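Undergrad: The lines below spell out each chain.
2 protein chains.
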Amino acid sequence: MVESVLKGIRVLDFSRIFAGPAATQVLGDLGAEIIKIEEPGRGDDARTFGVTETAMEEFGASPSFLALNRNKRSMVLDLKIPSARAVAADMAARCDVLVHNFRPGGMAKFGLDYETLAVANPRLVYCEFSAYGTEGPLSHLGANDVALQAHSGLMSITGESDRPAVRSGTAVIDLHASLGLVSAVLAALFHRERTGKGQRVETSLLLSGAHLMNYFYTEYWLDGTVRQRMGTANHLSVPNQAFPARDGSVIIIAPADDMWRRCAHALAPEKLDRPAFKTAFDRRQHRDELIAALTDVTRTMSCKELVDRLGAVKVNVSKVNDVGEAADDAQLAAIGGVVEQRMGERTLKSVQMPFAMSATPAVADLPPPRHGEHTDEILSEFGYDAAAIEALRAEEALGRA
Amino acid sequence: MVESVLKGIRVLDFSRIFAGPAATQVLGDLGAEIIKIEEPGRGDDARTFGVTETAMEEFGASPSFLALNRNKRSMVLDLKIPSARAVAADMAARCDVLVHNFRPGGMAKFGLDYETLAVANPRLVYCEFSAYGTEGPLSHLGANDVALQAHSGLMSITGESDRPAVRSGTAVIDLHASLGLVSAVLAALFHRERTGKGQRVETSLLLSGAHLMNYFYTEYWLDGTVRQRMGTANHLSVPNQAFPARDGSVIIIAPADDMWRRCAHALAPEKLDRPAFKTAFDRRQHRDELIAALTDVTRTMSCKELVDRLGAVKVNVSKVNDVGEAADDAQLAAIGGVVEQRMGERTLKSVQMPFAMSATPAVADLPPPRHGEHTDEILSEFGYDAAAIEALRAEEALGRA
Numbered sequence: 006m007v008e009s010v011l012k013g014i015r016v017l018d019f020s021r022i023f024a025g026p027a028a029t030q031v032l033g034d035l036g037a038e039i040i041k042i043e044e045p046g047r048g049d050d051a052r053t054f055g056v057t058e059t060a061m062e063e064f065g066a067s068p069s070f071l072a073l074n075r076n077k078r079s080m081v082l083d084l085k086i087p088s089a090r091a092v093a094a095d096m097a098a099r100c101d102v103l104v105h106n107f108r109p110g111g112m113a114k115f116g117l118d119y120e121t122l123a124v125a126n127p128r129l130v131y132c133e134f135s136a137y138g139t140e141g142p143l144s145h146l147g148a149n150d151v152a153l154q155a156h157s158g159l160m161s162i163t164g165e166s167d168r169p170a171v172r173s174g175t176a177v178i179d180l181h182a183s184l185g186l187v188s189a190v191l192a193a194l195f196h197r198e199r200t201g202k203g204q205r206v207e208t209s210l211l212l213s214g215a216h217l218m219n220y221f222y223t224e225y226w227l228d229g230t231v232r233q234r235m236g237t238a239n240h241l242s243v244p245n246q247a248f249p250a251r252d253g254s255v256i257i258i259a260p261a262d263d264m265w266r267r268c269a270h271a272l273a274p275e276k277l278d279r280p281a282f283k284t285a286f287d288r289r290q291h292r293d294e295l296i297a298a299l300t301d302v303t304r305t306m307s308c309k310e311l312v313d314r315l316g317a318v319k320v321n322v323s324k325v326n327d328v329g330e331a332a333d334d335a336q337l338a339a340i341g342g343v344v345e346q347r348m349g350e351r352t353l354k355s356v357q358m359p360f361a362m363s364a365t366p367a368v369a370d371l372p373p374p375r376h377g378e379h380t381d382e383i384l385s386e387f388g389y390d391a392a393a394i395e396a397l398r399a400e401e402a403l404g405r406a
Numbered sequence: 006m007v008e009s010v011l012k013g014i015r016v017l018d019f020s021r022i023f024a025g026p027a028a029t030q031v032l033g034d035l036g037a038e039i040i041k042i043e044e045p046g047r048g049d050d051a052r053t054f055g056v057t058e059t060a061m062e063e064f065g066a067s068p069s070f071l072a073l074n075r076n077k078r079s080m081v082l083d084l085k086i087p088s089a090r091a092v093a094a095d096m097a098a099r100c101d102v103l104v105h106n107f108r109p110g111g112m113a114k115f116g117l118d119y120e121t122l123a124v125a126n127p128r129l130v131y132c133e134f135s136a137y138g139t140e141g142p143l144s145h146l147g148a149n150d151v152a153l154q155a156h157s158g159l160m161s162i163t164g165e166s167d168r169p170a171v172r173s174g175t176a177v178i179d180l181h182a183s184l185g186l187v188s189a190v191l192a193a194l195f196h197r198e199r200t201g202k203g204q205r206v207e208t209s210l211l212l213s214g215a216h217l218m219n220y221f222y223t224e225y226w227l228d229g230t231v232r233q234r235m236g237t238a239n240h241l242s243v244p245n246q247a248f249p250a251r252d253g254s255v256i257i258i259a260p261a262d263d264m265w266r267r268c269a270h271a272l273a274p275e276k277l278d279r280p281a282f283k284t285a286f287d288r289r290q291h292r293d294e295l296i297a298a299l300t301d302v303t304r305t306m307s308c309k310e311l312v313d314r315l316g317a318v319k320v321n322v323s324k325v326n327d328v329g330e331a332a333d334d335a336q337l338a339a340i341g342g343v344v345e346q347r348m349g350e351r352t353l354k355s356v357q358m359p360f361a362m363s364a365t366p367a368v369a370d371l372p373p374p375r376h377g378e379h380t381d382e383i384l385s386e387f388g389y390d391a392a393a394i395e396a397l398r399a400e401e402a403l404g405r406a
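Here the protein sequences come in this chain order: B and S. Here my numbering is used: the first residue of the first sequence is 6, the next is one more, and so on. Here my numbering is used: the first residue of the second sequence is 6, the next is one more, and so on.
Keep in mind that the hints are not guaranteed to be accurate.
[Stated by the list, open to error] Lysine-lysine pairs mimicking DSS-like chemistry, simulated, CA-CA at most 25 Å apart:
{"hint": "1", "chain 1": "B", "residue 1": "12", "chain 2": "S", "residue 2": "283"}
{"hint": "2", "chain 1": "B", "residue 1": "319", "chain 2": "S", "residue 2": "85"}
{"hint": "3", "chain 1": "B", "residue 1": "114", "chain 2": "S", "residue 2": "319"}
{"hint": "4", "chain 1": "S", "residue 1": "319", "chain 2": "S", "residue 2": "283"}
{"hint": "5", "chain 1": "S", "residue 1": "12", "chain 2": "B", "residue 2": "85"}
{"hint": "6", "chain 1": "S", "residue 1": "319", "chain 2": "S", "residue 2": "354"}
{"hint": "7", "chain 1": "S", "residue 1": "12", "chain 2": "S", "residue 2": "354"}
[Claimed, not checked] Chain B regions said to be covered by chain S (calculated; three or more residues, Cβ under 8 Å):
{"hint": "8", "stretch": "70-83"}
{"hint": "9", "stretch": "140-152"}
Bear in mind the hints are in silico, worked out from the structure with no lab data behind them. Model, not experiment: these values are computed from the prediction. Every residue gets a Cβ at the ideal spot worked out from N, C-alpha and C, and that includes glycine.
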């Protein structure tokens, strides 16, 4: 039998909402055991974020919670109660990884900061996630994905040139940060495997946003260039944007001269293969003229015809899909990108971790947990007997009855 | 002295343009030795992508190349020449990781596919990156970041509701994929440390895009909801979008009822603290009215005033920065997010890897290399003597003189 990469690695996960849960889901896909610690009451706020009736009735949680919490068990601890904090510290002493996204200083108030926990467990990989980092003038501020889309400059370069800036439609900063967390944890586990030593690792929405913007920042630092938004186009080459079709729109990208010639000949050489468009430099110089000429051609064809004709001659082309078309596209399922799990009577579909490993495939053992579903089971595995669990419950350390 | 996490790990990097180079830069930041193999002639196409005069004159490469290629050495090999392919295979036998983004089947033509190389080096971690994956109906197609923004549905939810879809301004799919690659390589190295065995790992623009869209896909799969673009706003809560200030605009997010009350009281309670806006449900029901009322207030204030007032009461707020304001913001430098390296007379600034490790800090030993700068040095380290190098050069395996 194939062993998972992270078989035997235990993760104590205090993280909530998006970036942290997305990260620990990947660790779970890799075979780690994820113990999701939730507050009493509502638990992870993502459970009700944008919740729909169908999702609540049939799965008991919002789509975003269901998308990011497979392969985890849920346990309730009320960290305001001293005995709950003692349980958390005791569990951290026997886990390999701890993840949290409390504001800087929040875990120290509970006695669950790295310095304290590392005394009992020097092998612990302690992973912190915050908005702006744990030091510096803005470290005390909270923020979320869209705030960092604004702060990072991403919003300023997203939108039409003569219209206000818009957000990137999905939580790109949060989800990119989740893979920063995964990378940090895996790097620290590799280091621990070679040295025996744990450490503290961290990332932030700020670092995630800066990494997504890195080539714009470097360009600005070089010569002061401040790029602006250009709709679907960019400054690198022409054509490189969306064009209207009869029944939707398609992206056409042909930066190299030979690719542009193939594009012109596959669609309408008499209209497009002009000397004015010959080189990349020519095409940038005659941007408006080329876009108008190509638009005249594309608007007479269907999306399918454009994709077929241009795909066949290796011009980069794609239909502008809506969310449903994208989710149901056969290619995603064909490469194993869709995870299906039974939840009661229904099948839950979610997106696979964003990479594949030939010798150690991803696992999908557990569907997203109900709030506190595994509290007793987990306590029992950590050696708490029925009387001890009862005592914790009496103190409301596990939430109110 | 602190040892880097990936000290002693040798990476043979055939990747070009964005996702692969961004990934191997992170591995280099973690202390791996990155050997960047480039074609003769222009080398990595990113060297000239959107190149500016300043960048070319002073650093010899484009901002995007400079942003993504520190901590690497460059070596030229012309894989069309048999002796160059033999050198590549020989080096792969003595490296720990190989990364490439040739189209599916491309490396097999050179005899550099995983199955071939693993015979001599079963410990090799072989990492492939493609547009749509290596199997399935679309696997033969090329694509780039913006094509997958379209294909994934991200573009359809980015933009104003009554205007055409736009792209996310930066290469989010490429850069997110880069951390998928980093995670895959680190997971495989961890597995190898425990088992002695290498493996093939892969990711794609398709998996990266699907991961960024995961909660939209899950929602669609649950009940058929197809979300649409909403400018800077989203469907989850109100207010949660950009508002105009006297001198720019700011993002204000106050999803929770108490946070909204703090927001109203910090700005203009007489205008904003209305019964119609009391609960999250009320605010969604009176979306247009609330946005109009809040806009009336914000447009009379400066960005700084809005950020100061709302930040002080822990409402999520951020100025919509342009690229320059974002790059120069003091917080990024304060958390170590900016790397400075000497290149001749100039200092190159680039963005740090997107996470930090307390015991094993990132290294920044080498600035981005000139094309083929280290060809002889690397060959010599791999045991090729001057006569062997001369013979390779005579065959044009190292490019033309």
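Undergrad: Taking the hints in turn, state whether each one holds.
TA: Structure-based check of all given hints:
no., hint, verdict
1, B:12 - S:283, "violated, 48 Å"
2, B:319 - S:85, "holds, 21 Å"
3, B:114 - S:319, "holds, 19 Å"
4, S:319 - S:283, "holds, 18 Å"
5, S:12 - B:85, "violated, 42 Å"
6, S:319 - S:354, "violated, 32 Å"
7, S:12 - S:354, "holds, 24 Å"
8, 70-83, "holds (count 3)"
9, 140-152, "holds (count 11)"
In summary, the structure is inconsistent with hints 1, 5 and 6 from the numbered list given earlier, while agreeing with the others.
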